[in-house]
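Protein chains in written order, with the numbering used here: chain A, 1 to 507; chain B, 1001 to 1507; chain C, 2001 to 2507; chain D, 3001 to 3507.
There's no promise every hint is true.
[As the list claims (entries may be wrong)] Restricting the straight-line Cα-Cα distance to at most 25 Å, the calculated cross-link-like pairs of lysine-lysine (PhoX-like) are: (1) C:K2377 x A:K61; (2) C:K2490 x A:K136; (3) B:K1034 x A:K402; (4) A:K215 x B:K1402; (5) B:K1475 x B:K1240; (6) D:K3034 x C:K2402; (7) C:K2136 x C:K2078; (8) C:K2402 x C:K2136; (9) C:K2377 x C:K2310; (10) A:K73 x B:K1343; (11) A:K191 x C:K2061; (12) C:K2173 x C:K2240; (13) C:K2082 x A:K136; (14) C:K2343 x C:K2402.
[To be verified] Covered by chain B, according to a simulated footprint, are these stretches of chain A (three or more residues, beta-carbon under 8 Å): (15) 64-74; (16) 147-158; (17) 226-237; (18) 269-283; (19) 287-301; (20) 319-331; (21) 401-415.
[To be verified] Some chain C residues judged to face chain D by a derived CB distance under 7 Å, without partners named: (22) P2302; (23) L2304; (24) Y2346; (25) R2364.
Hint data in this document are derived by calculation from the structure and do not stem from the laboratory.
Note that CB positions come from ideal geometry on N, CA and C, so glycine has one too.
Letter by letter, the chains look like this.
There are 4 protein chains.
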Amino acid sequence: MHIQKKDKFIVNKPKEHCAIFGVTCNDLGFSVTKYLYQGLIALQHRGQESTGISISTPGGKIYTYKRNGLVPKVLNNKILSKYWGNVGIGHNRYATTGATGYKSTDYMQPFHFNNNEIEFSIAFNGTIANFDEIKKNMNELGRVFITDTDTEVMAQLIGSIALGTEDWPEVLKIASKLLDGSYSLILMTSKGDIYAMRDPLGFKPLCIGELKDSKKNLYFVASESCAIDVVGGILLRDVKPGEIVHLSHQKDIHSEIILKSNRTALCQFEFVYFSRPDSIIDGVSVAEVRFRLGINLAKNDPILKNPEIKENAIVVPVPDSGRSVAVGYAKEAGLPYIEGLMKNRYVHRTFIMPGQEKRKIAVREKLNPIKSIVQGKDVILLDDSIVRGTTTQQIIALLKEKGGAKRVHLRISCPPIISPCYMGIDFPTKEELIAGRLQILYGEQYLEEIQKRIGSDTILYQTIDDLTDAIGKNKNQLCLACLTGEYPLKSIQKLAEMESSIIKSRS
Amino acid sequence: MHIQKKDKFIVNKPKEHCAIFGVTCNDLGFSVTKYLYQGLIALQHRGQESTGISISTPGGKIYTYKRNGLVPKVLNNKILSKYWGNVGIGHNRYATTGATGYKSTDYMQPFHFNNNEIEFSIAFNGTIANFDEIKKNMNELGRVFITDTDTEVMAQLIGSIALGTEDWPEVLKIASKLLDGSYSLILMTSKGDIYAMRDPLGFKPLCIGELKDSKKNLYFVASESCAIDVVGGILLRDVKPGEIVHLSHQKDIHSEIILKSNRTALCQFEFVYFSRPDSIIDGVSVAEVRFRLGINLAKNDPILKNPEIKENAIVVPVPDSGRSVAVGYAKEAGLPYIEGLMKNRYVHRTFIMPGQEKRKIAVREKLNPIKSIVQGKDVILLDDSIVRGTTTQQIIALLKEKGGAKRVHLRISCPPIISPCYMGIDFPTKEELIAGRLQILYGEQYLEEIQKRIGSDTILYQTIDDLTDAIGKNKNQLCLACLTGEYPLKSIQKLAEMESSIIKSRS
Amino acid sequence: MHIQKKDKFIVNKPKEHCAIFGVTCNDLGFSVTKYLYQGLIALQHRGQESTGISISTPGGKIYTYKRNGLVPKVLNNKILSKYWGNVGIGHNRYATTGATGYKSTDYMQPFHFNNNEIEFSIAFNGTIANFDEIKKNMNELGRVFITDTDTEVMAQLIGSIALGTEDWPEVLKIASKLLDGSYSLILMTSKGDIYAMRDPLGFKPLCIGELKDSKKNLYFVASESCAIDVVGGILLRDVKPGEIVHLSHQKDIHSEIILKSNRTALCQFEFVYFSRPDSIIDGVSVAEVRFRLGINLAKNDPILKNPEIKENAIVVPVPDSGRSVAVGYAKEAGLPYIEGLMKNRYVHRTFIMPGQEKRKIAVREKLNPIKSIVQGKDVILLDDSIVRGTTTQQIIALLKEKGGAKRVHLRISCPPIISPCYMGIDFPTKEELIAGRLQILYGEQYLEEIQKRIGSDTILYQTIDDLTDAIGKNKNQLCLACLTGEYPLKSIQKLAEMESSIIKSRS
Amino acid sequence: MHIQKKDKFIVNKPKEHCAIFGVTCNDLGFSVTKYLYQGLIALQHRGQESTGISISTPGGKIYTYKRNGLVPKVLNNKILSKYWGNVGIGHNRYATTGATGYKSTDYMQPFHFNNNEIEFSIAFNGTIANFDEIKKNMNELGRVFITDTDTEVMAQLIGSIALGTEDWPEVLKIASKLLDGSYSLILMTSKGDIYAMRDPLGFKPLCIGELKDSKKNLYFVASESCAIDVVGGILLRDVKPGEIVHLSHQKDIHSEIILKSNRTALCQFEFVYFSRPDSIIDGVSVAEVRFRLGINLAKNDPILKNPEIKENAIVVPVPDSGRSVAVGYAKEAGLPYIEGLMKNRYVHRTFIMPGQEKRKIAVREKLNPIKSIVQGKDVILLDDSIVRGTTTQQIIALLKEKGGAKRVHLRISCPPIISPCYMGIDFPTKEELIAGRLQILYGEQYLEEIQKRIGSDTILYQTIDDLTDAIGKNKNQLCLACLTGEYPLKSIQKLAEMESSIIKSRS
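Chain A extracted, bound-state conformation (with noise of 0.2 Å):
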C-alpha cells in the first residue's frame, strides 16, 4: 500500500508495507473471526499501524472493521464477538510514524468497494507503480477518489472492470495487465468467495493452506506461513507469480495462470530482514537462509585468520534481527555466541532529547552494552543490514565507550544497499542511504569510508553471490534491485534513473 509521507521520527530499519490474511470456513455457521485474530498476530511483524478485517455473511453482505493500533486492541474480545462471518480477510498496515491525516479508516484496508452495483473487499501487499496514471484514466471517465492510496486506485479499477459482470477471475486478469507493480492480494466478493492474487514477478509472497477436522474444512491465504502453522493449519504451497487462486466452498481451490512472465522477482529482503525465520517462502526455509548467510560471512572473515583477535572474540547480536545470522557466524567461526548488547522490549516509541546528544541517547533507552561481557573484548558484532548508518554507529560507540569493548568489527549479513526500493519497502532514498550516498562520492573506496564513519575497526559485507546461493535461487528468480540499482519492471528502472540523476546533480 503507498501513501506519501513525510516521517519525522529515524526510520533505522526498512519497514514492510502490510500483512494480508484470509479464511474460508465450508461451514456456514462458523464464525472466522478469531482465525482473523491469530493470522494476523502472526502477521504483526509486517505492520503495526493499523489493523483491519472485512467478514462476509452467508447471507450475501460484508461488513468491515479497521482502525489504528496493533491486532489485539483493535480486535478486542467486542468486536469478535460483534463480526460473525464464515468467509474473511485481514489486513495489517505498517507504520506510517507520524504520517497524520492517514488515521482516518480510509487510508486503510481491507478497501471495501461499495457502490450502487458492485461490493466486495480488497486487502493487499505491494505498490502499484503507475496508480497516478491508472487514477488520472479513471477522472476522466468521472470517478471521484477520497485517498491517495494504491489501494483505492486499484479497487476502484476493479469495480470499473466488474460492472455487469460477475466472471471474477477475468476482471483480475484485465486488471492485472492494467496494474505495473508488485502486488499479492486478497479479494473477497459478497457471495463468499475468496481470490487470490500475486502479481506476474512475485514479488512479495503468498501462500495457502488448509485446516481439516471431523466438523468443518478451511483454507487459509496468508503473506506468510507462519500465519498458517499458528492458526493450526498445514501450509499447501505458494500461490505462484501470476497465478489467480480461487478459494470456493462448492469447488474446493480452483486456480488459473493468467500472466506468465521469463523472470520472477521475489524480494531478497524478505529472508534477510522481513520475514519470520519460521516461514517458509516459495519453499525455502527462512531460517536456514539466515544461518547460512552467518556461515559464508565466518568463511569469508579475514579476522578469524589472526589469532591474538579470534582468541579475544566473542560473537555478538544486535538483538533482535542479528541473532540468527550470528548462531550461524558463531558457528562456522568456532568463536562463543554471547548477547553483549540488552534491549528493552518495552520502547516502541522514543522520546527524543533536544540538542546534539539525543540520537546517542534515543538508541540507549532501546539498546545498552553489558560491560562484564563485551568489556576488552573484540567484538565481532552481526547484524542483517545498514539502511542510514547511523543507529549502527551509535550502537558501535555504546559497545566502545559504556561496554569497553577494545575493538568492534561489524558483520552485515545483507550486501550493501544502494538503492531504493520502489516496490513496497519504505527504504529512504539513494542519497539517505549511507552505501548508495559513499558509492556516488567515493566510487570503489566507499566500504572503507563507511566503516570510517560507522567507527568499526573492520567491516565485512555478505557478497550478492553469497546471497543468492544461501537463498537457493538464481538473479533471474529475485528482485536485488536496492543491492544493483537494477529494477525488474522498466517503468521502476526509469523512475529510480530520473531521481538518480537529481541528486548527482545536487552533490
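Since chain A is already given, all that's left is putting chains B, C and D on it; use the hints.
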C-alpha cells in the same frame, strides 16, 4: 506492593511487584520529568500495569499523576509538558491482570500523602508482611483507610510518625522498626528532599547514581542500575540493607545505617530472572551470573558424555528468558547455540479459544518451532525456571509434534521452586508449584515425575550450591526461601508453615 | 415544494422554494455525479436547507442520497465517489428553519418513488395548490402517504397514472391536467430517461443546455441558466410553459406542448430578487432588468431636482441585494455609487440577545455602517423590496445613529408588496406585509405611513408599469399577484380572498 | 500563529493569520460569552478555520473551549449556555486548508497554559520569527512541547518567566525582549485580569473599546474596531506599538510603554485587503483608504485620455475585494460602476475536476461573467492585489471568452507584491509570486510580462508613493516589505535574503 487478587489468566512466570525511580536536580528551573520517563521505561520489565510520577516544585508543592498503562502511554508529551519541577519520583506497578477495581488511581503509586499538616509522596517495591496488624492498630487511633494496600498502610504510618516533626531520617527509622517485610522505598518531601531506604535484610535491590555537567548536578535512585545507564548517569553504589540515604541540593548525599542485621537476604531470583542482564546488583553483574549458571549446567550434564546424543544436539533457548543461560551452556558444552523457537513479540495478551486445546493454542500464538532447525535433533532446551510447568509442557510438545525434534532435554538454570514467596514476588501457592506439589506427593522421586508430566526426555536443574557459587554470595546473604522453604523473617516462616499444613491436610 | 411550518426566526426576505437540476450523458461508463455537484452549487441561492441527488445506472437501478446541509457538505468526496451513473437529477431545498421533523429525508427531494411495479425519481420547484384535494381522492383509492408534502402527492399521483404504461409523456400530460399550481419538474425513470416539464402558466423558470466534446454528449435541465454556465455547457433554450421535454440518448431532445394557455404568469420576483443576475430567463437578462429598475427610479426621483440634496448625496446599496439597482440609479442620477454598509458574509444565523434591543443587535451583526463614508451625507439607500419592514427600519436607524447620515432616502426597486404568494414563495400573510397591512389601515396614504414607521426621510417605490417595462413583458405574461392581489389561477384567487376577509374582520 | 503546512488547494488570496478579542465586565455575575460570540463573528474574515474562547470565572478558574469551524458553529447555544464568566478572550484561526493533523485542539487558540504552578490563557495574532531558537533554549531547561506552534513557545516562555511572580507587566516586558516578530496578544490571568500587548513595531492592529450602561461597565480589546462596533461599544483608542494595556475592574485601564522604537511597521496590507472597510486602524478609516486608492489609479490612468476607450468603458470590480477601490476609480473617472461578475457566495471549497481545464472550472464555480453587461465593452477590472496571478488570468479569460468583453484593463490597488511576508500573512514564496518571479527574470520589463501572461490588454498598479499617501502615513510608519523586499526586522531581512539567493541559484 501487595494487593489481594484472583488471576483469571494463567501466570507462567513469577512477576516482580514494582520498580521505583527518583531524581533531584540542583537547578531549580530545570524540569526532571523527562528523566522520570527514561528511568521508568528502563525499569518497565518490573511492572507493566500502571505508571505514576510525583513532582516537587521549587514553590513547595507536590503534584502527582498516575494512570494504567505502560510508561510511554501514560507519560505522553502532554503530561511531560504539563508537569514541571526539579525533583521527582516515579513508579511502575506490575500487572494485576483481571483485578478490576484496582484501576482506581488510589491503588497506584507513588502514594501522595497530603493531610492538613503533612505532605509527602512515597514509592516502594516490596511487601509488608505485618500490614494487617499495623492497619488494625492505626484504625484504633482513628485513621481511615481508602485502599487495601500495604502502600497506604506504610504511608499513613509514616504520616502519623511525622506529625509535628521534620526530622525525616528519624521518622523513617521509627517506621522501619514497625514494618516487617521487604521494602525498597523512595520518599519525597514537599521541600524537595529525597530519602531512599532499603529494608534491613535488603530483599530488593536499590542503587544511587549521579550525572554532572557544566550547568547542573543530578542524583538518581533506582531499582536497578540499568535505569541509571539509560538516563546517562553513572552508578555510584547500592543503597545498603538497612540504610537511609538522603539526597539534597544543599548537603549532597548523606547516609545513615539505621538498622544493622547479621545476615542479608537479597532475592536470588533477581539474578535468575527478574533483573535486566545489564544491571549490576550489590556489585554482581546479572549477565555474568546467568552465563555461569549455563556453564554449571553443562558441567553437570550427563548427556554430553553420550556421543550419539552430543553429535546430534543443538542448544536452544526458550526466548527471551533462556538466552543468557543457553549461551553459557553452549560455550561450555562446545555445542552450537541456535534459535529454534520463534517468539512473537507483539503477543502480550493471548486470545483463548474455547475447549480443551486452548493452552496449546495460547502458546502457539507466542512461540512457533522452526522445523528446518529442530527436525530430527536432540534439542537441549534451556529455560530459567519452572513454575506451574504448563507452558514448558506445551513448548516441548510443539518442538516434537510440529518441529519434529527427536528428543528434548530440558535444562533449568534455577533449582526447583518448591515454596511460595511472601516477599513481593507473585509466585503461586506451594500446591500450584509443580515442584512443590510433586515433592509432597512423590518425595525424592519428584524430579522423575516432573520430567514425565512435562514430556521431556531428560531433565536437569541447577543445584543450590551451584546457584550461590554463580552469584558469588553465601546462603546468609541471599533469600533462597522459594527453593528451601526457609524464610529469613520469622513472621513469614510462621505464615509459610501454616499454609503448608493446610495443603498437607487437603491432599 | 410546500411544507406547513412555523418560523421562530424573523424572515426578512421572501425565500424561494427550491432549485432543480438534471443531467444525462450518452457514455454509459461516465459518471455524472460531479455535474450534479456543480449544477446544484450554482443554484444554492434558491435553497440552502437540504441537498439531494438521484442517480440512474446503466443496470436500470436508481439510487438516491439526500441530507440536510449545503451542497458541498452533503455531496462530499465520499458520496461523489460512491454514487455512479450516467444520468442523474438533483435538488436544493430552501430553508425551513426551525421546522423540526422536516429533518427526515422523507421531506427532502428528489422523491424516489419505488413500489413493486414502478420506479422513478422526481424533483420539483413550485407549489401544488390543490394538493389536499388530490390527496383526499387518492386516500380513497387506498394510497398511503408518509409525509405532508405536495411533492409526495405529485409523486403518488404520477405513480398511479403510470401503472401499467411506460408512456411517460402521456402520464405527465394526464397528471398536469389534475395538478393546479406552479411546477417546474424533472422526472427520471429507471431506464435513464429524463423528462422536464413546466406548468402551463410557466410560473417558475426552467431551461435546457448541452455540452459536447469529442468523447461524449451531455444534456442538462436547470432552474436557471447560470447552472448551465457553471458546468461548462451552453444554454439551448427555456422549457416553454406547458411543455414536456424528453432528454434521451437514443432520440436526443424531443418535446411536446401538452397544455396551451392564453396567458403566462412568470414570477416577476425572479427578476427583482430571486434569480442570479447572470441568469437569462425566457430570453431576458436578470442583470439588465435590475439595472433598468435603477434607471427608472432615478428618472422618477424628485429629490434629484433639489440641488442642495443632490450635491450632498451618495448612492448606497443594501448589500448584496441592492447592488444591481443602485448601480443603475447612480448612473442615471450622475451620482457616486459607494458601499456605505459593510456586510459580514459569515453571518447566516443570528444570535439574539434577550430584551427589546434584540432586533437592532441582530442587524448589527450583519451590517455595519461605514461612518467615514456616510457621515453628514444624504444617503440614497437602494434595496430590492420591503417585506415586513423591520430590517429596513433598523438599517436606517444604524445609518443615522451610528453612521451619522444627515438624511436617508429609501428607494425600492419593486413596487409595494401587498399580497402573499401562493405559488411557491415564502411571503408572510397580508397582515404581516407592511405595505399590505398599512394599505388596509390607511388607504392611499399608506406610503407616507410606511415612510414614517421605517424612519426614512423620503421613500420611493418602483411603479408596476416601470417594472413590466424593465422586464420587457406585458401584464399577461407575468405573475404580479403579490403587487396587485390578482392571482392568475382561480383556485388561488378564491383562497386569497378568503384570507383577506379574515384579516379585515380582525382589524 | 505559525504552523508549517503544505496547501494542496490553490491559494488565491493572502490569508490573515488570526483574530483576537477580549472582554471584561465589572459585574461579577454577568457572563460575557455572548460578547465573545459577537466580537469573534465580526472578525471572522481574519480566520475561518477554528474558533476558541477562554473564560475566567470569579472563582479564579479558567475554562477553555475550542473547535474547528466558524464562530456560529462552534459557539452554538449549548456552549454559550455552558460557559459563564465575567472575563473572557477569544480567537479565530485562519484556514490551513489541507493541513491535516492540525485538527487537534492543541493547535488552536487561546492557548490555555496550566501547569502545576501557573495558569493563564493567551490569544495572539502574528508570527514569532525566533521561535525555534527560544524553543531550543527551553528544551534544554527540560520543557516539553506538544505542538510545533509559536503560540505554545510564547506561552511556555511566559509561563517560565512567571514562575514565582505575579507581576504580569514585568513578565510581559521580559518576554517581549526575547520575542522577535509581530504579535498583538491578549493574556488573561486566572484572577481575571486582561493584558493587551502589541509588539514594538506594531505590525498588527489592536484596539480597545468600552461599553457603559446603568448597570455595568465593559472593556474590550479587539484586532479591529469593527468588532467593537458590533458589540455595541465605542472605540477608545488603538493599543500603541510597544504598549501593554492592563484592563481590570479595580483599576480601570492602566498602560505602560515597555519598548520604544524609532519606527513603526504597521502592515500596509491591512488597509489594502485584510481589514474590514468599516474598521479604523491607528486613526485611519480603511474604507477611505481604499476609496483614495481607486481615485489615485484613475488619476494616473492613461486610457482615460483615449476617448474611444473611455466612451466604451465600464468599471467592474472583482467581487468582493475589488468593490471599494472600483467605486473610487469610477467616481474619479466619471465612468459607470457596474457589477459584471456574479459571485457565488456559497462556494468556499472548490471541487476540482481532473485534467487541464481544472483551474478555469474552479474559478467558474465561484465567478460567472454577466454577458449582457460586459459584451463588447472595455472592461476596467479593479482588484486589490495579484498574488500568483492564476485566478486573475482566469477571470480575464472568462470575461473575454464567455462574457464577450472587447478589452480588459486590469487596475490593481496595491503595488506589485514581490516578496513573501514573514510577519504572519500566508503569502507564497517569492518564486510563486508572479511579480516576484518575473521581476527576477525580466527586470524592469516585468510589468509588460505580467500583462502578457495574465492576458489583460493594459495593466496599471498603484505606486508605493500613492499607497502611502492614501494611507496617510510615511514609509517609516508602515511595513512595506512585500512590496520592497526590505524587512523592518533584521532577523527577517537575513532570512529573506537567504531564501532569495536559493531561488536565484535555481533559476
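Give me the numbers of the hints this structure contradicts, sorted from smallest to largest. 1, 2, 7, 8, 16, 21, 22 and 23
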